[in-house]
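A.B. asks: Okay, here's what each chain looks like letter by letter:
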Amino acid sequence: MIRGFLTFFVTIWATVSTADEMRMAVTTSFDSSGLADVLLPAIKEDLDLDVQLLVVGTGQALRLGQAGDVDAVLVHSKAAEEAFVAAGHGTHRREIMYNDFVLIGPATDAAGLAGATSAADAMQRIAGAQPLFVSRGDDSGTHKAELAVWAQAGFDVGAFGNWYREVGAGMGQALNTAAAMDAYVLSDRASWLNFANKARLALLYSGDPALFNQYAYLPVDPNKNDNVRHDLAIKLETWLTGPRAEALINGYAINDETLFVFNATHD
Amino acid sequence: MTQMFPLTLQQVLVRRRGKVVIGPTDLVLRPAGPTIIIGPNGSGKTTLLRVMHGIERVTDGAVKWQHDDPSQHAFVFQSPIVLRRSVTENLAYPLRLIKTPKPEIAKAVDYWLDRIGLSENRNGPATRLSGGERQKLAIARALIRKPQVLFLDEPCANLDGHTTREIETLLQETTAGGTRLVMSTHDMGQARRLARDLVFMLHGKVHDGGDAEAVFTRPKTKELAAFLRGDIVT
Amino acid sequence: MVEILEGLKAAFWLVVTFDAELWEISLRSLRVTLTALLIASLIAIPLGTFLAVQRFRYRRFVISLINALMGLPPVVVGLVVYILLSRSGPFGVLNLLFTPTAMIIAQVIIITPVIASIAHQSMRELWAEYHDLLISLNTSKRQRILTLIWDGRRNLLTAALAGFGRAIGEVGAIMIVGGNIDHVTRVLTTAIALETGKGDFALALGLGFVLIGLAIMVNLAIHTLSQTEREGRW
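Chains as they are written, first to last, in our numbering: chain P, 1 to 267; chain Y, 1 to 234; chain G, 1 to 234.
Hints in this document: simulated from the structure, not taken from any laboratory. Each hint should be verified, as a subset may be incorrect.
Lysine-lysine pairs mimicking DSBU-like chemistry, simulated, CA-CA at most 35 Å apart [claimed, not checked]:
1) Y:K64 - G:K9
2) G:K141 - Y:K107
3) G:K9 - P:K198
4) Y:K19 - Y:K222
5) G:K9 - Y:K102
6) Y:K146 - G:K9
7) P:K235 - P:K144
8) P:K44 - G:K9
9) Y:K222 - Y:K64
10) G:K9 - Y:K99
11) G:K141 - Y:K19
12) P:K44 - P:K78
The following label-pair restraints were derived from C-beta to C-beta distances [claimed, not checked]:
13) Y:F216 - G:R59: 21 to 31 Å
14) P:R3 - Y:K102: 36 to 46 Å
15) P:D139 - G:A20: 35 to 45 Å
16) G:L79 - P:R200: 30 to 40 Å
17) G:T17 - P:W163: 40 to 50 Å
18) G:R59 - P:H92: 54 to 64 Å
19) Y:K102 - G:F56: 54 to 64 Å
20) G:A68 - P:D139: 27 to 37 Å
21) G:A20 - Y:D110: 36 to 46 Å
Glycine residues also receive a C-beta, built at the ideal position from the N, C-alpha and C atoms.
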């Protein structure tokens, strides 16, 4: 019996050695889309490269890049990305693909979004009807996009009443909360399609270019420390902007709905 | 082995939390024993024993041996302390501490188990023994290193007559074997049976004492006389 | 309610089909937590015992400090360890961030006070019981500590298992220092957090039931190995 236990302990301590490795910080919405499960095996195949994904919020992803704890960052918040590069934390910014944000709400649609003519119009209807609205409230790319859409429609969320609920959490969490409260919420399409707990919610409005969500790739500045694998980051960037990535990204679908549109410029 | 006695207590004082427990008092113990300490409850018998053994420090005064060797002392507490181990392990423990070779330990343990009648129980937990059995174990454990002096604090308090007799026989054998006994007791009969000399304590001081025969027939102080008569002495 | 039943079903299915990912993260959970437990115990048990037997000036303060550290929020520990191990931090050169080793370090910091505090409490009680005897037998400090640890081993095991419980269910610290990287640092608790965030409650609960089952098995295994329920031995 003792021998059995010893064998067991030896098994759990054994580790496997790996090929070339790099670390990339990505946003939770990217991970929720499931696209990584398609891309990573292809990357391993073509480049013999293990990409370790740290799935965190946009703010934390950029913070990890700033500390030099990751080799590249993939987020969807243009202003923050440009600030990141300007501050010298990243070498440059490369657009890869975009998906879009969608407005979700209870199927009963008290705000009448079904008839909205534009994103701004949709937001005005919500601000008028004042139904429960869940906001990410976590300074993420999605949160910033939501604030931008409110701003474009002329609203300052700081002035909103109790119907506007900031949860300070990730997309899945926010959707769960909205489902439980029968509230409206702005989500990225991929997360919504992958969300398993839809309850009485439905997709009420989408399509306005103002709701497009651009993902960009930022290699971390190699001067930060000796461990940043800039070479691998560039290798990955080349692949991500190449033909195979284009095919995989454009072809990726959930329930026959494509999510992303590849828009990288080739080298 | 160098003779440890005489033991001299000079103006010994023990104070605890501001209260004087014993002293100032003097006492001389000569090489031959057994010495039995008697006296009313609270007179300081336990503290006196502990001070002589060295597990309690004096606040003032001196405890002087002719030649002190801590490894030659042993103590049996009023409430027997047993280790949470088997009976055998309890007996072996003091020998293990001084790195006695295993065969010697086995021999000594076998001897004592037999002597105190616990051979049947040898591998059972010592915590399951009765009060009397525990005390016999404690005494055997104290004697297993063949100490020159054995201190006992009212060892037979709370024990039945049968066990008391067994223990007294054991103690008499121990004395005959050369170990010097210093013991306190509540039992006047026991004092008569075992003592060579007596020490009478009152209010934390050595009040009277001397050769046992003399003390029992012609007590010097009236307090001792009253105590021997069975009066309550305060 | 439906989710709980769905969760039980999910757990059953994952286990019965020997789901490869489940195996992987479960083994990793055990590896991280058991390693942390071993290291923490090697620090905490001697520390707790030492604090019980050795008097020194700031002893009461140290004991209070250890008790207080039991309340350290794991997330805070995670943040501090992250800052220390970050490539831009003092120990960045060690390249430990986002590895299971970093997770072990964080868990050791979290559970050592727990184990030390419980160990100290039971060692203190045992020391009170053994105090007079061990001093009377002239034991060295080292001998005292070893005797207490051996005789108190059952309580020390309880202390260790308390640490295990704290570690196996911990998620805040290891999420930050491990990064929850698929195939590298993902364990049961971080996977549960991930699935919860995605809204897949059934799977999250299923993983949760597996985690509970694992914890029960480890406890049972340790109790069997140490034969705590066998009559008479302890």
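A.B. asks: Are there hints from earlier that the structure breaks, and if so, what are their numbers?
C.D. replies: 1, 5, 6, 10, 13, 14, 19, 21
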